[in-house]
Structure formats: C-alpha cells, structure tokens
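> Given next are the chains, with one letter for each unit.
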Amino acid sequence: MAVRSVGVVSPQRMVFDEPLRLKSGGVLPRYELVYETYGELNAAKTNAVLVCHALSGSHHVAGYYEDDPKNIGWWDNFVGPGKPLDTRKFFVIGVNNLGGCYGSTGPKSIDPETGEPYGSRFPFVTVEDWVEAQARLADRLGISEFAAVIGGSLGGMQALSWALQYPERVRHVLAIATAPKLSAQNIAFNEVARQAILTDPDFHGGDYYRYGVVPKRGLMLARMIGHITYLSDDAMAEKFGRALKHGAFRYSYDVEFEIESYLRYQGEKFSRYFDANTYLLTTRALDYYDPAAEYGGDLAQAFARAQARFFVLSFSTDWRFSPARSREIVSALVHSEKPVSYLEIESKAGHDSFLLEHPHYHAAVRAYLNQVAV
Amino acid sequence: MSMVMNPATNETAQPESALRFDLAAIARWVQPEERVLDLGCGDGALLAYLSATKRVVGYGIENDVNRVIACLDRGVNVIQSNLDQGLAGFEDGFFDRVIMSQALQAMHNTQGILHEMLRVGREAVVSFPNFAFWKHRKSILEGRMPVSESLPHQWFNTPNIRFFTVADFTTLCDLLDIEILEWMGFDDQHQPLPPDADLNFLATLAIARLARR
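In order, the protein sequences belong to chains V and P. In terms of the working numbering, the first sequence has 165 at position 165, counting the first letter as 1, and numbering is strictly consecutive. In terms of the working numbering, the second sequence has 381 at position 7, counting the first letter as 1, and numbering is strictly consecutive.
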C-alpha cells in the first residue's frame, strides 16, 4: 500500500472538572484539552501512541481539515498509513498542551472566575504538568498504557518525563532532538525572546487582550531569534548566503539581505497566529525542565524508575539540542541498565531536522516501531 | 539485574547453528545475565542471540547507519558511535564482557580501543583474521597478497588497515599489560583447532579472551 495522508481529521475536546494542581503551586480548577486521533484503537487498547508537541506545535499532528485543506498537521510526513509512525498499526493521539493557544485551556481562554481571559493570571505550567494532563486524557480514553510516547525537542522532554512520572504506563519512549535539561545558552536565547515580548508596549503585563492589541513586535522578534537557533550555520549559508534582496546595497535598515527577509517573514507570520503568553509560558517550561535536579543532578538515578525501552535520536548539525545532549541521556540510561538505542542522523538542517523527511531518520524510526509489539 | 533485554519484541531465539561460526564460539564464553557490550555489532545477530538465550543486558556499538537500522529492526539495543573516538560515556568496569569481532583490523587506534575495552569491561573478547595462516603465507611466497574467506578483500579495496598475526597480537598484549586468558582458533573449514595447535600457523581466524593483568 502506498504511503498516504490520514486524510480529513477533526479536533475533539475533553472537559476536566477535577482540579489540576500544578508544580508551580497554582491550580486549574477546570480545564479543557483539544486533541486529535488517527488510526483505530484496538480492542485490547494496546496500540496507542502519544505524540507530544514542541514549542509552537499543536494537537494537529497529521491530516488536514475539511474546511481548510491547506492546514496540514505539523508532523504529517511522519504520521499516517505507511509512514514511520504507521496509523495502520497504531492509534495516534496529538494533544494541545495546557497553556497553549490552539484550543486547550490557556492564557487567552476565559477565566470562569472573572469572565475575562486569564492573561497574566494563568498559572505557570511545566513539562510534568503537561504529562499529568495528558495522562488524565488517556484515562478518559480508556488507555491505561501507551505502546509509545514520541516527541521532538520540547516534545522529547515530555516523552522522557512520561517514563519517569508513569513508568508502568509507557512501553517505549522516542526522544528526538532533545536534551535532559536546557544549557545556559539555551536559557539565554529563551530569555532574549521573552524580553522582546515583555518589553513590547503592547504587552500590558500579559493582559493585552483587554486592550484589543497583541505584542506583535515582541512576538515577531522572539520568533526570529528562535528561527536562528533552529537552523544550522551551513543550512543558512546554503539557503541564503549573503544573497541580496535588491541586487545591490541600498544603505538602509530595510531588508538588504535575503536572510533578513526570511526572518521578518517568519516572525511576522508567527505573530499573526501565536499567543505571546503561550510563548512565554512554554519557554519557561523548557527552562524549568530538569528531571535530574531532585536527584542531586544524577540523571542516571532519575531514570532508575523507568520501565520503558528508549530510542534517542539526534541530528549532526543541531546546535540548539546537540548530539552531545542526546548522548547524556543515552549514557544515563545505560548507567541504569535501561534498554536504549541511539542514532545520530547526518543532516544539514539543524534542529529543524526532526520535522523534515530524511531517509535514514524515517527508516530508523520505522524499524524501531516495527518491532514494538501491540 | 532482572531486566530482560527484549520484553517488548516477539523475537524468538534463533538456534546457535544460525549464528556465524565465530559468533557462536564467542557466545559460548558468555555467562547468563552478563552485561555485554558488542563493538562493531553489525546487524546485531550476536546480541539478539545472547539476549534470547542468556538474558544478557546487551548493547551494541555500530557506526554504520544501515547496520544500526538493522539492529533496531530486530529489537537489539544499538548505540551509534565511532569506535575510533573511544568509549566515552561508558563507566569504568560497567560491563562483564566487551566483544569486538573482526573489527580490530579496521581500527586506527588499536591500542586505544584495547585499553578502552578493558577499562569499561572486566573481560574482553577479540576476534581477528590471522595474517600468518599458512595459506596466507603461501600466497605471499607466491608474490600475492592473500585473499581468503577471512581476508576477503583485494589490497585496493580492503577496509582493513592493520595486518597482524596471532604472534603479533600476543606481543602487543604483553606490551599493554593485557593477559590472554584463552585462545580459540579456526581453520578455513570453520573447524575449531585443538587447544595445543600452533594457531599462528593453522588458524585463519583467532579469538582471544582478555583481561587486565
């Protein structure tokens, strides 16, 4: 059978009335999660796979919407019939995380207490909180155990966290282009992105909704910084080099180089649909993630309770979450005698590689998932 | 060490006879539930066999992406790494046994990797083609580089960069303070040679079990 799309999909919504106590100490008394599913849950409910999204991702992992066929899922090349995560075998779930801006309860949702958007009152959420919320969704779907939890970048952190928070509920973890915690450099980039948003005059302390504005310039800058870190130096050189927009210098601060044009375009596009508060919360969740912290920094000890098998993947030119960071995860897993495989994919595309089609990358995931029993 | 290596796979144990003869010989030295590291593990056949029959906690190291994928496909733990860069990330004495089958002759850093094997492992097992096998000697006498089952390549396309003999290897081990605990040798019919045989003359493939002196 040929590789194809999962086709038309539609998001679903689940309401949770049991309060969720967050790691930050905050509480969400009631919340909603939007999610999508692809494939069929088998009778024994043993073939469910959770896909965790990264910074700007959503529950819309694969397929497209009937009324918006151009809105294709962010990992459509990876999930579908005959694709590496094959929906003929697996029942795949994508969830928009709490604090998101694609329909799950987040800063732009209405706070039932005030009747206004949460804005600055939305509590801090962490990777662990997301996993907790995902677990509750799994409960409601009757899924007691995932065949696999898969994610790239921040999604990979959630996949790792699943193995630690619910060791008996996940059989395989695929942690792609991720890290066991952020480095100072990673946090530094996040901080610059946040400062761009926080100092935008339209931010209004996070309550910009009430003024009918968004901190567009800040969000645009944040995204531009992000994009620089997602690409490799080589990819940027190859794609843009020093190519000029107008063929010759104009001696101005308008776009001179193609790379500027690209970054402005990406930033502007992003600022039209993404919520600035979600960006702030999500970068903070990245910063806070550090499962080894409660074990005195000993990652192997943190992994000791895991029961899953692990497949860790990295990309050669990814400098945001470099192969060395993935190898830290692998070393810690070996140290605690956990089953783990590791592959570094030769790719030019930097951190973005995990979202792209690459024959070795996809063949490796396909091979790994092929031997996952359901 | 209660972990079983392949709990989630449906892999059934293959018979020993399905293993390449030298891997089957190496497998006989492995004790149940050992921690095993297989360097240059290829398609993972040895580890798949050991995990199914001896419940070892096993990891393979392989640099070639297609072989890594072959390991993944059979549910063998495989860690992609370039062995010439050593075994950084593995702790001292973590493994009971570190195996390298028919790969030492293709490594640049021969002494380094032997040192690393006995740093992370209690024992090491190394198999290699014996350049001094009598048919190889005959070939040289006739003026030609030997080509055989254990040295299957032509001089111009061989991946092997180190050509050495059982006697040479023994000398190197002495130099590196490595004790050779046991030898196994095979003739070119894959038949094991008697323990008192002159392996340097009769073995086309030799396997040594090593420990730190």
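Derived from the structure by calculation, the hints contain no laboratory data. Given the structure is predicted, the values throughout are model-derived calculations rather than measurements. Watch out, some of these pointers could steer you wrong.
What the hints assert, rightly or not - Here are the computed distance ranges between Cβ atoms for each label pair:
{"#": "1", "chain 1": "P", "residue 1": "Asp438", "chain 2": "V", "residue 2": "Asn71", "range": "35 to 43 angstroms"}
{"#": "2", "chain 1": "P", "residue 1": "Ala480", "chain 2": "V", "residue 2": "Asp234", "range": "39 to 47 angstroms"}
{"#": "3", "chain 1": "V", "residue 1": "Ser261", "chain 2": "P", "residue 2": "His489", "range": "33 to 41 angstroms"}
{"#": "4", "chain 1": "V", "residue 1": "Ala324", "chain 2": "P", "residue 2": "Asp466", "range": "19 to 27 angstroms"}
{"#": "5", "chain 1": "P", "residue 1": "Asp458", "chain 2": "V", "residue 2": "Ala304", "range": "41 to 49 angstroms"}
{"#": "6", "chain 1": "V", "residue 1": "Ala43", "chain 2": "P", "residue 2": "Thr532", "range": "52 to 60 angstroms"}
{"#": "7", "chain 1": "V", "residue 1": "Lys269", "chain 2": "P", "residue 2": "Pro533", "range": "23 to 31 angstroms"}
Stated by the list, open to error - A short, non-exhaustive set of chain V residues, derived as facing chain P with CB atoms under 10 angstroms:
{"#": "8", "residue": "Tyr288"}
{"#": "9", "residue": "Ala292"}
{"#": "10", "residue": "His335"}
{"#": "11", "residue": "Pro339"}
{"#": "12", "residue": "Ile345"}
{"#": "13", "residue": "Leu356"}
{"#": "14", "residue": "His360"}
{"#": "15", "residue": "Arg366"}
{"#": "16", "residue": "Val372"}
To be verified - A short list of chain P residues far from chain V (calculated; beta carbon distances all over 10 angstroms):
{"#": "17", "residue": "Ala392"}
{"#": "18", "residue": "Ala444"}
{"#": "19", "residue": "Gly449"}
{"#": "20", "residue": "Ile453"}
{"#": "21", "residue": "Gly463"}
{"#": "22", "residue": "Thr484"}
{"#": "23", "residue": "Val521"}
{"#": "24", "residue": "Ser522"}
{"#": "25", "residue": "Asn531"}
{"#": "26", "residue": "Asn574"}
{"#": "27", "residue": "Arg583"}
{"#": "28", "residue": "Arg586"}
The C-beta atom is built at its ideal place from N, Cα and C for all residues, glycine as well.
> None of the hints should be skipped; say for each whether it holds.
Structure-based check of all given hints:
{"no.": "1", "hint": "P:Asp438 to V:Asn71: 35 to 43 angstroms", "in the structure": "40 angstroms, holds"}
{"no.": "2", "hint": "P:Ala480 to V:Asp234: 39 to 47 angstroms", "in the structure": "29 angstroms, violated"}
{"no.": "3", "hint": "V:Ser261 to P:His489: 33 to 41 angstroms", "in the structure": "54 angstroms, violated"}
{"no.": "4", "hint": "V:Ala324 to P:Asp466: 19 to 27 angstroms", "in the structure": "21 angstroms, holds"}
{"no.": "5", "hint": "P:Asp458 to V:Ala304: 41 to 49 angstroms", "in the structure": "32 angstroms, violated"}
{"no.": "6", "hint": "V:Ala43 to P:Thr532: 52 to 60 angstroms", "in the structure": "55 angstroms, holds"}
{"no.": "7", "hint": "V:Lys269 to P:Pro533: 23 to 31 angstroms", "in the structure": "49 angstroms, violated"}
{"no.": "8", "hint": "Tyr288", "in the structure": "26 angstroms, violated"}
{"no.": "9", "hint": "Ala292", "in the structure": "16 angstroms, violated"}
{"no.": "10", "hint": "His335", "in the structure": "6 angstroms, holds"}
{"no.": "11", "hint": "Pro339", "in the structure": "5 angstroms, holds"}
{"no.": "12", "hint": "Ile345", "in the structure": "8 angstroms, holds"}
{"no.": "13", "hint": "Leu356", "in the structure": "16 angstroms, violated"}
{"no.": "14", "hint": "His360", "in the structure": "5 angstroms, holds"}
{"no.": "15", "hint": "Arg366", "in the structure": "8 angstroms, holds"}
{"no.": "16", "hint": "Val372", "in the structure": "6 angstroms, holds"}
{"no.": "17", "hint": "Ala392", "in the structure": "18 angstroms, holds"}
{"no.": "18", "hint": "Ala444", "in the structure": "8 angstroms, violated"}
{"no.": "19", "hint": "Gly449", "in the structure": "4 angstroms, violated"}
{"no.": "20", "hint": "Ile453", "in the structure": "4 angstroms, violated"}
{"no.": "21", "hint": "Gly463", "in the structure": "4 angstroms, violated"}
{"no.": "22", "hint": "Thr484", "in the structure": "24 angstroms, holds"}
{"no.": "23", "hint": "Val521", "in the structure": "32 angstroms, holds"}
{"no.": "24", "hint": "Ser522", "in the structure": "33 angstroms, holds"}
{"no.": "25", "hint": "Asn531", "in the structure": "23 angstroms, holds"}
{"no.": "26", "hint": "Asn574", "in the structure": "37 angstroms, holds"}
{"no.": "27", "hint": "Arg583", "in the structure": "23 angstroms, holds"}
{"no.": "28", "hint": "Arg586", "in the structure": "21 angstroms, holds"}
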